[in-house]
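Protein chains: 2
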Amino acid sequence: MSSYADRLKALREQLKANSLDGFVVPLTDEHMSEYVGSYAQRLAWLTGFEGSAGSAVVLPEEAAIFVDGRYTLQVRSQVDGSHWSYQSVPETSTTQWLEEHAPDGGRIGYDPWLHTRDWVKKAKDALASRGAELVPVERNPIDEIWTDRPEASKAKLVVQPDDFAGKSAAEKRTEIGDWLTKHHADAAVLSALDSIAWAFNVRGQDVSHTPVALAYALVHADGTADLFVASEKIGPDVQQHLGNGVRLHERSAFEGALGEFKGKTVVVDPERAVAAIFEALEKAGAKVVALRDPTILPKAIKNDAEIAGQKSAQERDGAVIARFLHWVDAEAPKGEVDELKASDHLEALRRENGEFRDLSFDSISGAGPNGAIVHYRSSEKTNRKLEQGSLYLIDSGGQYVDGTTDITRTVPIGQPTDEMCDRFTRVLQGHIAVATAVFPKGTRGSQLDSFARRPLWEAGLDYAHGTGHGVGSFLSVHEGPQRISPVGSAQSGGDEPLLPGMILSNEPGYYKTGEYGIRIENLVLVVEREIEGAEKDMLGFETLTFAPIDRRLIDAEMLETEELVWLNCYHAHVVARIGPQLSGADLEWLRAACAPIER
Amino acid sequence: MSSYADRLKALREQLKANSLDGFVVPLTDEHMSEYVGSYAQRLAWLTGFEGSAGSAVVLPEEAAIFVDGRYTLQVRSQVDGSHWSYQSVPETSTTQWLEEHAPDGGRIGYDPWLHTRDWVKKAKDALASRGAELVPVERNPIDEIWTDRPEASKAKLVVQPDDFAGKSAAEKRTEIGDWLTKHHADAAVLSALDSIAWAFNVRGQDVSHTPVALAYALVHADGTADLFVASEKIGPDVQQHLGNGVRLHERSAFEGALGEFKGKTVVVDPERAVAAIFEALEKAGAKVVALRDPTILPKAIKNDAEIAGQKSAQERDGAVIARFLHWVDAEAPKGEVDELKASDHLEALRRENGEFRDLSFDSISGAGPNGAIVHYRSSEKTNRKLEQGSLYLIDSGGQYVDGTTDITRTVPIGQPTDEMCDRFTRVLQGHIAVATAVFPKGTRGSQLDSFARRPLWEAGLDYAHGTGHGVGSFLSVHEGPQRISPVGSAQSGGDEPLLPGMILSNEPGYYKTGEYGIRIENLVLVVEREIEGAEKDMLGFETLTFAPIDRRLIDAEMLETEELVWLNCYHAHVVARIGPQLSGADLEWLRAACAPIER
Chain A
1 MSSYADRLKA LREQLKANSL DGFVVPLTDE HMSEYVGSYA QRLAWLTGFE GSAGSAVVLP
61 EEAAIFVDGR YTLQVRSQVD GSHWSYQSVP ETSTTQWLEE HAPDGGRIGY DPWLHTRDWV
121 KKAKDALASR GAELVPVERN PIDEIWTDRP EASKAKLVVQ PDDFAGKSAA EKRTEIGDWL
181 TKHHADAAVL SALDSIAWAF NVRGQDVSHT PVALAYALVH ADGTADLFVA SEKIGPDVQQ
241 HLGNGVRLHE RSAFEGALGE FKGKTVVVDP ERAVAAIFEA LEKAGAKVVA LRDPTILPKA
301 IKNDAEIAGQ KSAQERDGAV IARFLHWVDA EAPKGEVDEL KASDHLEALR RENGEFRDLS
361 FDSISGAGPN GAIVHYRSSE KTNRKLEQGS LYLIDSGGQY VDGTTDITRT VPIGQPTDEM
421 CDRFTRVLQG HIAVATAVFP KGTRGSQLDS FARRPLWEAG LDYAHGTGHG VGSFLSVHEG
481 PQRISPVGSA QSGGDEPLLP GMILSNEPGY YKTGEYGIRI ENLVLVVERE IEGAEKDMLG
541 FETLTFAPID RRLIDAEMLE TEELVWLNCY HAHVVARIGP QLSGADLEWL RAACAPIER
Chain B
1 MSSYADRLKA LREQLKANSL DGFVVPLTDE HMSEYVGSYA QRLAWLTGFE GSAGSAVVLP
61 EEAAIFVDGR YTLQVRSQVD GSHWSYQSVP ETSTTQWLEE HAPDGGRIGY DPWLHTRDWV
121 KKAKDALASR GAELVPVERN PIDEIWTDRP EASKAKLVVQ PDDFAGKSAA EKRTEIGDWL
181 TKHHADAAVL SALDSIAWAF NVRGQDVSHT PVALAYALVH ADGTADLFVA SEKIGPDVQQ
241 HLGNGVRLHE RSAFEGALGE FKGKTVVVDP ERAVAAIFEA LEKAGAKVVA LRDPTILPKA
301 IKNDAEIAGQ KSAQERDGAV IARFLHWVDA EAPKGEVDEL KASDHLEALR RENGEFRDLS
361 FDSISGAGPN GAIVHYRSSE KTNRKLEQGS LYLIDSGGQY VDGTTDITRT VPIGQPTDEM
421 CDRFTRVLQG HIAVATAVFP KGTRGSQLDS FARRPLWEAG LDYAHGTGHG VGSFLSVHEG
481 PQRISPVGSA QSGGDEPLLP GMILSNEPGY YKTGEYGIRI ENLVLVVERE IEGAEKDMLG
541 FETLTFAPID RRLIDAEMLE TEELVWLNCY HAHVVARIGP QLSGADLEWL RAACAPIER
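Protein sequence lines, in the order shown, are assigned to chains A and B.
Numbering-wise (my numbering), the first sequence opens with residue 1 and increments by one.
Numbering-wise (my numbering), the second sequence opens with residue 1 and increments by one.
Calculated directly from the structure, the hints in this document are not laboratory data.
Cβ coordinates follow ideal geometry from the N, Cα and C atoms, glycine included.
Every clue listed holds true.
25 Å max Cα-Cα, derived BS3-like pairs, lysine-lysine:
no.: 1; chain 1: B; residue 1: Lys287; chain 2: A; residue 2: Lys122
no.: 2; chain 1: A; residue 1: Lys512; chain 2: B; residue 2: Lys536
no.: 3; chain 1: B; residue 1: Lys287; chain 2: A; residue 2: Lys121
no.: 4; chain 1: A; residue 1: Lys512; chain 2: B; residue 2: Lys441
no.: 5; chain 1: A; residue 1: Lys287; chain 2: B; residue 2: Lys124
no.: 6; chain 1: A; residue 1: Lys287; chain 2: B; residue 2: Lys121
no.: 7; chain 1: B; residue 1: Lys121; chain 2: A; residue 2: Lys124
no.: 8; chain 1: B; residue 1: Lys121; chain 2: A; residue 2: Lys122
Each pair of labels, with its calculated beta carbon distance range:
no.: 9; chain 1: A; residue 1: Gly514; chain 2: B; residue 2: Thr561; range: 34 to 42 Å
no.: 10; chain 1: B; residue 1: Gly442; chain 2: A; residue 2: Gly389; range: 31 to 39 Å
no.: 11; chain 1: B; residue 1: Asp537; chain 2: A; residue 2: Pro580; range: 46 to 54 Å
no.: 12; chain 1: A; residue 1: Gly131; chain 2: B; residue 2: Ser77; range: 53 to 61 Å
no.: 13; chain 1: B; residue 1: Ala290; chain 2: A; residue 2: Pro136; range: 22 to 30 Å
no.: 14; chain 1: B; residue 1: Ala595; chain 2: A; residue 2: Pro333; range: 52 to 60 Å
no.: 15; chain 1: A; residue 1: Arg599; chain 2: B; residue 2: Gly442; range: 30 to 38 Å
no.: 16; chain 1: A; residue 1: Lys287; chain 2: B; residue 2: Glu91; range: 26 to 34 Å
no.: 17; chain 1: A; residue 1: Asp418; chain 2: B; residue 2: Met558; range: 28 to 36 Å
no.: 18; chain 1: B; residue 1: Gly442; chain 2: A; residue 2: Asp143; range: 38 to 46 Å
no.: 19; chain 1: A; residue 1: Gly442; chain 2: B; residue 2: Ser85; range: 19 to 27 Å
no.: 20; chain 1: B; residue 1: Gly442; chain 2: A; residue 2: Ala348; range: 40 to 48 Å
no.: 21; chain 1: A; residue 1: Asp304; chain 2: B; residue 2: Thr561; range: 37 to 45 Å
Which bits of chain A does chain B cover? Going by a derived footprint, with three or more residues having C-beta under 8 Å, they are:
no.: 22; segment: 431 to 442
no.: 23; segment: 535 to 545
So here's chain A without its partners, still in its complex pose (with noise of 0.2 Å):
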């Protein structure tokens, strides 16, 4: 099928020839991955949107989008506007439109093995309302029409070694063991496959840039498991390395095993198990008590080995980046660096590292107006030259052994403009203002989110994301249950009082739809701060991320002494960091990127 919109009219054929007036299509599988394997990439399929995060509904008549605001200038360059309405998430979601838009007595269908089950109740009612019904459906419809559809990944589990995971996976299904005879519990399933992965201290290839493998769970009271994962995956290093504690099982075998748990009590997590898992035991007559997924904090607060692991993967990251910027320095001048050739520099410096499997998230590589649409991911379609006169912005990270990385820098080519050192000085002081802040135990991130925002709001400017998320330990590049954001927006993840070892993006931005954007993305750690005469545990950050801050965007003058300070002083450890890392033209680059400005 070769259009988008061929694609929609034969869904809508499926939809009629299954008695169905509607379906809807989450960007998700069924981990509730926010990073889905190709097999799972309905909406994309379908649609064209290649973001992170959205939904559609197709209705006979009408089919719409919905997209949180970092899509929104993405939405409209990817989907076909005159087959596709665009909707702002969380103005409204697919919820509250199909409350307004079903047909009255409609039958509207959902893939119950791609939803959570709170959503199924809140898509219940609202089509009560309007007289009209939601359907499982048994096959997803897309896939029946989906002729060349992906199969799922076959590439096989590795281990990934106590010295980098910090516990074996027989203490944490132990820990685990422990949580459920406290909570009185038989059993938890883990759906979400980075829960697996950390878990297991197995790590997989099944979804681009998280390294995980396709596979359900089941922990015990007992501290023994239940892994479902396709044997082809399993090779007899991982076999050992699981142990006797572990029982395997065909992945299919999964919904099959839930029937088993007649008059037991079993943990499902209602945020990341979809709701045909929660159906299957209740139908079984288990008892299901919905609790937060047990390996969730655990594997927030890193270990002394994962974050000893994180310091080292940065420490290499930042010595790629500095090389990077060095050579878009040196190159773009030129004028012939697109953004395409840039991210591709930067992947193949990085693959030069020997712990280096793969990137984190593909790269935002936005030159001039692309770097004011938030999570742009470039295409020979949209590829730009970094010209003269404008801003470069590098979103990028890597997935080494020992750590996952993700920061942003924002350059400029040739001779910035007043404004453009302007808005980059406010980022540059809400960043600061995050990386200094210090707060009791139990303040949550929401609490952090307004101090990177100040210095843009006192010239009436904002950013329409978060501030942070939180990053996995060679796993997920958003990792919750942490994150500084303003409760209630669309980002990732919860609201978590911050502990130390959890490990966070500090990432304020500024964009100027059709001419630039700006975003300073350092990866903080959380830690104690000792403070004379406190009469609280106190709270702050460390900085994980070296590489230069642009000293050319920078107007000295806006900084308090205490943010030229801080500046100086992080350049300086840039320097002792990363500069063992280089040497001849790129250490001396670096100096100079590092030298400190003086007032």
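Using the hints, position chain B against chain A.
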């Protein structure tokens, strides 16, 4: 019954006679009021607790009282720990505690006229997990044993003139009617007393410090209304003011009137209406739509007349405060001023004002360590002298016909310590950070709260209350839905986006238990802010309260230049606004107290 122990014993006997194993005692009335008439002060009568927020649960062998961080100290001084266990909200709650403590198979009573439907549902679920049952009572068992319980007030209603209200009651009813039509509803239940006072432009005297009358109302889509209020409270002036569009009924007829909505759609506010109202409507066969009371937002967004009235009331109140602070300065060093004498003197000064009607809450007059009790109320037993070397904290407000005030000042008696000045200056910096905040339309108060805390956090300090609450127009001194406090904190009100016309308090503090308390509170008005080059509609605050902030407690060296400019500019405005009302030594004192700080 002489002692609280006897009362607890009598309640347990009464419960036993009613075949109940427990009872829940909230601090509210049938209108979910924060301040309640003496007839409804069951929690205080049973436990001795005099704070403005709390609840209790009585079981056969144990009893618990639940308060938030504001009352941690107070509850221990007022409630006997040998009979009551102290519980902290939000760490626990009545429902969570019941889930852990209710006897297996027990019957726990509650008064359906004193709880929200959400609480009833939560409590039912919590008890069900213990195999226990939540049982509504026909008559409150406390009323059975409280033999000298005061009668409900018989005070007459008074008309709130349109000149102050800024909009006629008929217009307000028409707007509510239009809103109902838009929501396809036939009628709205108004049960919050300040909503009724606001909607009908009447005021009452039935609740201490809040000028409201005990009443219920039903507003219909056609703009007419039924008002349920004791007929003895309605004089001919009020009857004429209400007009033909309002049908009068006895308050006792309200429950019966709910029985007449068969087949009709009725809006009820689940946060403000008690469970019994929902039950009566559902029993009658009405379709109940849970939506926010339609008066809440228009009441919160003050119109021009209300803003003008508020400013006028603030200017008069500020002059009273200045005279009071001058008096403290002059009298306290003589050693004979104590907390009660001081608050009596302040009330007397306020009463000289013709527009003064009542205090807006019980003044918090805290000398030395009593200032550290956040919602302290002085009594003969706790009364302290204002001693040399101590701090004195006065938090008080007035109900004037044109506005409600609320101000806190902290003053040194004699020479303050360096630590006191450091803490006061940090609180002032937090106060200024809120006063000068600029933020885009759509920002919630929770996003501004940390601005007030950062200077304290930097020293490892904090305060255990929100930064700001909404304030009514000659109505409740705590009025929702806007507030400035972290999401999930126990303060009243929701977390509404701030809109021009909303009034809030700005009141950071610092409390050193056993030594002193500091709070600086002004009221602020949300206003539009014009910023050159702004890309967003921006908002900010205009400070409404004018009275000196004590210069003797400010360490000017700690202030940023902008902070010092704000302070000196604020003091210049204080002299300009309230100076003209003062003369002689008072005026001289004011000028000295407001002299610019040079550095």
